[in-house]
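*Asks:* These are the residues of each chain, in order.
Number of protein chains: 2
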Amino acid sequence: MDATSKSSFSRPQFESLLKRRFFFTESFEIYRTAPNFQGDNRGLYDYGPPGCALQANIVGEWRSHFVIEENIMELDCTAITPADVLKTSGHVDKFADYMCRDPAKGEFLRADHLVKGVLETRLEGHAKAVAGQAKFTKLDSTVAQEFESILAQLDNYGGPELGELIEMYDIRNPNGNGKVLPPVPFNLMFQSTIGPSAAAPIYLRPETAQGQFLNFQKLLEFRRGAMPFASACIGKSYRNEISPRSGLLRVREFLMAEIEHFVDPDTSKSHERFSEVADVQLPLLDRDTQLSGRTDVRLLSIGEAVHGEIKTGKSPVDNETLGYFLVRIYLYLLKIGADPARVRFRQHLDNEMAHYASDCWDAELLTSYGWIECVGCADRSAYDLTVHAKHTGSPLNVEVTRTVPVEVDAWQADLEKKVLGPRFKKDAKKIEAAVAALDQVTLANLADELARKAIITVPTEPLATGESSVELSADICSIQKVKRIEHTRKYTPNVIEPSFGIGRILYSVLEHVYWHRPDDVARGVLSLPILVAPTKVLIAPLSNNATLQPITKKLAARLRRLRIANDVDSSSTSIGKRYARNDELGTPLGVTVDFDTVQNGSLTLRERDSMAQVRASEDEIIQAICSLVEGRET
Amino acid sequence: MDATSKSSFSRPQFESLLKRRFFFTESFEIYRTAPNFQGDNRGLYDYGPPGCALQANIVGEWRSHFVIEENIMELDCTAITPADVLKTSGHVDKFADYMCRDPAKGEFLRADHLVKGVLETRLEGHAKAVAGQAKFTKLDSTVAQEFESILAQLDNYGGPELGELIEMYDIRNPNGNGKVLPPVPFNLMFQSTIGPSAAAPIYLRPETAQGQFLNFQKLLEFRRGAMPFASACIGKSYRNEISPRSGLLRVREFLMAEIEHFVDPDTSKSHERFSEVADVQLPLLDRDTQLSGRTDVRLLSIGEAVHGEIKTGKSPVDNETLGYFLVRIYLYLLKIGADPARVRFRQHLDNEMAHYASDCWDAELLTSYGWIECVGCADRSAYDLTVHAKHTGSPLNVEVTRTVPVEVDAWQADLEKKVLGPRFKKDAKKIEAAVAALDQVTLANLADELARKAIITVPTEPLATGESSVELSADICSIQKVKRIEHTRKYTPNVIEPSFGIGRILYSVLEHVYWHRPDDVARGVLSLPILVAPTKVLIAPLSNNATLQPITKKLAARLRRLRIANDVDSSSTSIGKRYARNDELGTPLGVTVDFDTVQNGSLTLRERDSMAQVRASEDEIIQAICSLVEGRET
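So the protein lines, in turn, are chains A and B.
Using the numbering used here, read the first sequence as starting at 1 and increasing by one per residue.
Using the numbering used here, read the second sequence as starting at 1 and increasing by one per residue.
If you're looking for bench data, these hints aren't it; they were derived computationally from the structure.
Watch out, some of these pointers could steer you wrong.
To be verified - Cβ-to-Cβ under 8 Å is the rule here; a few derived chain A residues that face chain B:
hint, residue
1, C77
2, S192
3, R563
Unchecked claim - FRET-style restraints, in silico, Cβ to Cβ:
hint, chain 1, residue 1, chain 2, residue 2, range
4, B, K426, A, G158, 44 to 50 Å
5, A, Q133, B, R484, 57 to 63 Å
6, B, Q38, A, G176, 42 to 48 Å
We put the beta carbon where it would ideally sit given N, CA and C, even for glycine.
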């Protein structure tokens with residue numbers, strides 16, 4: 001199935017297959033219908049045996065493709081996170097979605113989803129009315145254009161703007177048509193407390209990144225001071241989505257795999273291995289194209305995308321490091337089964353980015369739900385390391401010896417300690433620390449202020465006075481420009497962050513590899529690459545005749561010893577039905593044990609997609625299976 | 001190092017190695033010392049690159065050894081769990097530890113740890129006093145005996161008994177010697193809410209098991225109805241420990257790997273593959289031995305342990321299924337590096353077991369903290385499936401066709417629907433459901449009561465009246481014994497649960513494989529099996545001469561393509577220091593690139609434990625590395 005023949009895809013049929021074969025299921029499903037259930041299990045999913053094996057294989061290949069191939073340092077950090085950490089990172093204040101309450105129904109609706117859903121419905125109605133269907137409403141043509149334009153850049157609207165749209169276009173809850181209250185921000189983090197005293201607030205992490213940032217200094221030391229380097233973390237993250245729908249695509253607990261690539265901002269433009277990938281062509285949709293109202297993808301080599309297009313001279317991708325990762329992400333997605341015709345890289349619009357990002361490209365996969373963000377590749381600049389270092393007073397930076405020392409002009413603040421101690425007593429140390437932490441730009445401004453007013457205000461940690469700042473007069477504080485010889489250079493690295501939503505990738509790939517035999521829509525097939533297929537080999541004795549059992553068992557044990565996941569199906573259903581079941585499970589190979597096997601030891605090997613069969617000796621068949629599983633043959 | 005030479009083990013030296021090589025670290029360490037930090041990060045640890053790789057390899061081998069070898073169905077269930085589920089499972093009411101508050105210090109102490117610590121300190125003081133050290137206190141000899149006896153069965157005491165001990169022996173907070181308040185239960189689950197309305201309470205799971213139980217019916221269907229079968233889940237669980245200490249051994253967020261093996265209670269005594277392991281000898285410490293005050297381990301073949309000891313006829317291990325798993329656990333632990341002299345299987349005492357368990361054997365590893373429970377192997381009987389099925393009204397059981405139908409006497413309750421409907425209106429359906437759910441024993445009792453009093457009380461879901469039970473008089477309800485032909489047999493399976501604490505295993509194994517070169521205590525070595533070693537091969541160019549770089553790079557790339565984790569150390573430190581660093585990281589193999597390599601392509605391969613070196617061609621060296629990594633050679 002290619003991107004243009006989407007109409008042949010039936011989501012109900014597809015979902016029925018996934019449910020029937022237990023790829024995943026709603027968590028706590030039997031509680032949903034239990035008497036007096038007060039819970040909310042929406043957005044929570046369990047993976048069944050094939051889903052779980054597929055996920056493990058996708059993660060395993062991620063480790064090979066990124067951690068081993070790029071020599072990344074993997075960490076495993078906790079999901080429980082002290083509130084202070086996420087306050088500093090900005091998540092407590094800014095990691096929120098806007099929601100509207102419908103007082104009549106007592107329902108909470110995510111504001112952007114509400115606007116999107118209602119405007120799309122009106123446009124669909126309009127299209128049907130234009131096509132002559134009487135019971136639909138035609139829109140004024142300027143209104144229809146407005147709606148199109150709003151939808152094209154919906155991610156660019158904040159809460160107040162969404163509120164204005166809701167007011168202006170009288171957007172109501174589709175369930176009951178009730179008016180909704182104006183959008184209010186809802187923080188998406190799950191909150192709890194740790195320890196018996198209940199005094200210590202925590203959140204469940206909404207991303208794995210913060211744990212990696214806080215370990216920066218230890219990672220640098222582990223890498224013996226060598227830059228650039230990358231860390232990675234694979235683990236569950238948690239977002240208390242307002243009203244999750246769309247199955248695995250919007251869930252409240254999900255597996256992420258995140259890389260934090262730390263670079264010297266002075267040399268971040270280049271990447272050591274960029275030349276290896278410069279010719280790879282990527283399907284790109286940049287910011288300018290979107291702002292001009294278009295969504296068409298251009299195929300461009302990453303070399304041109306970074307170093308300037310031959311035609312226009314434009315460089316939509318900022319630097320080699322970002323470009324290198326986009327290619328590596330692309331190759332990974334194709335390897336695990338994504339359809340190249342349904343992959344694109346879309347650059348974020350300005351208002352769409354997370355609070356910490358200065359640029360972001362998403363790898364999006366086309367599904368029956370539209371284009372889905374599966375991998376975000378953000379430039380977080382030095383934001384996180386800077387805020388944590390500032391808050392904790394612990395360094396999160398790199399210090400390198402200069403080959404040639406340099407003389408620099410620098411602002412320097414000095415405190416008159418003889419006055420400071422007696423005047424501020426216990427607070428004196430905090431004030432010293434606050435002054436020492438001032439950066440060059442702030443010092444320059446304060447020097448100016450001090451010269452003009454003979455008094456300055458410096459922010460501090462909370463003092464005995466209850467204040468979080470202190471006034472320092474010229475008798476206690478002086479600021480002047482001094483010459484300094486710097487033998488070392490200190491810098492806070494920039495961070496490029498490729499962040500993978502494993503569940504979204506898994507679901508989208510399943511849509512991409514799903515098709516059905518031409519003769520029968522009910523005979524679904526999942527053409528998963530053998531690399532990630534949950535089970536590699538089905539072993540099927542032709543009948544349940546006792547003579548076939550020992551051979552079957554021996555064969556299964558032999559494959560297990562080779563660590564090749566296999567499944568024996570000795571049930572009495574026809575061999576065709578057993579193969580059909582395994583086509584739905586995505587099992588690429590089938591081995592049949594029959595009466596010839598008893599006679600001469602030969603086996604039949606069947607390939608899932610072509611249904612081609614070959615007959616050979618057990619050793620030859622095992623040899624072929626190993627070659628296929630290890631990717632030496634196709 | 002064997003169990004008897006523990007004195008040569010220096011924990012500070014060992015911990016310094018783990019910290020220096022970033023196996024793991026306190027999470028959010030830089031926040032711990034940040035100004036005004038209000039959090040509590042105790043019991044939270046991040047794994048650094050070698051710890052994380054070791055963990056991934058331990059988990060990978062777990063998947064091979066259990067999931068693939070035993071054909072177990074792996075699930076991935078959510079950690080977020082609706083409160084209703086854990087109320088039903090008994091965790092909300094019973095999953096608690098007892099704690100004492102010291103009002104003077106504002107500290108919370110775990111009651112059993114308090115008693116243990118204080119009594120052990122007094123006994124140590126006693127021993128020193130007996131040995132003639134003047135500043136220690138001698139105890140009365142009966143008191144010393146009492147203390148010994150209390151400590152031997154401490155796990156057998158509940159909260160009130162611990163309170164009595166604290167009172168009787170005037171046990172106080174060692175920090176400040178303040179009196180503590182009586183023990184109160186503290187539930188160990190982290191609590192939060194889900195969804196925007198804050199109305200839906202959730203807990204973070206304290207074990208992965210519940211998600212597996214709730215999926216029982218889907219698993220049975222996936223296995224096409226065939227029993228017995230097992231499921232497994234690998235994932236993080238959460239316990240809000242009162243006052244965690246002992247590093248990785250008592251943490252608040254931890255990785256578990258749990259198997260739930262479901263068996264027909266009528267045939268659970270036997271296991272299909274038991275004969276394969278019957279002769280394996282296990283170090284056992286059974287309940288009777290412990291209750292007689294001894295802790296000596298006996299080596300016993302699992303065949304004897306299950307089917308009766310030749311000498312005594314006793315069978316300390318209840319059945320083949322349990323015995324089979326004990327052996328498989330034992331083999332797994334040895335494979336990943338546990339020292340057989342420091343492994344034992346200890347049976348739980350009656351009061352020590354979790355509320356759901358009817359028998360339990362722990363695999364314990366001996367560490368510098370004493371014997372540590374690393375794997376629990378509990379018989380949960382049909383407890384969990386029964387309570388969830390009863391609460392939800394959804395079946396969690398197996399129905400098999402009888403080969404020969406049987407006639408059975410059964411109690412049957414009939415309701416007079418013509419009276420029921422008008423009298424109870426909306427509640428009628430709930431009453432019908434409640435009566436239909438009554439089991440045979442209850443029905444027999446109610447039949448008797450109905451005959452005597454002409455009225456019975458039946459528990460129900462909450463009714464419109466606000467009551468959770470209803471009175472049914474003889475005019476509306478009759479109960480009699482009827483003969484029934486049963487063509488099928490319905491049963492709720494028993495569950496055997498091997499439950500692995502991955503962090504505890506990882507830490508204990510690290511202690512087991514740690515030693516130092518005879519000549520130098522500072523030269524630590526971690527003799528991790530190659531199977532689980534974080535990095536398999538160190539590649540070390542002899543010097544940073546430019547001619548060695550391309551060969552080094554090519555070699556690293558070749559190993560990466562074979563998916564063999566390797567690390568290049570081109571630093572200018574001596575080759576000896578680079579090997580010493582990798583001995584501490586547990587890297588089993590080292591390849592040196594030198595000027596002979598430039599000349600003739602030969603490389604040197606070094607083995608970590610013996611420090612033996614061989615020289616051969618690149619192809620031969622790669623061949624040897626592959627054989628070793630795949631376990632074909634040692």
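*Asks:* Against this structure, judge whether each hint is valid.
*Replies:* Hints, verified against the model:
For C77/A, the suggested interface contact is upheld, since its CB lies about 4 Å from the closest CB of chain B, less than 8 Å. At its closest, the beta carbon of S192/A sits 5 Å from a beta carbon of chain B; the interface hint therefore holds under the 8 Å criterion. The restraint placing R563/A at the interface with chain B holds, with a minimum CB-CB distance near 5 Å, inside the 8 Å limit. The hinted range of 44 to 50 Å is satisfied by K426/B and G158/A, whose Cβ atoms lie roughly 47 Å apart.
For the pair Q133/A and R484/B, the supplied restraint of 57 to 63 Å holds, since their beta-carbon distance comes to about 59 Å. One distance hint, 42 to 48 Å for the beta-carbon pair Q38/B and G176/A, holds here, with the actual separation near 44 Å.
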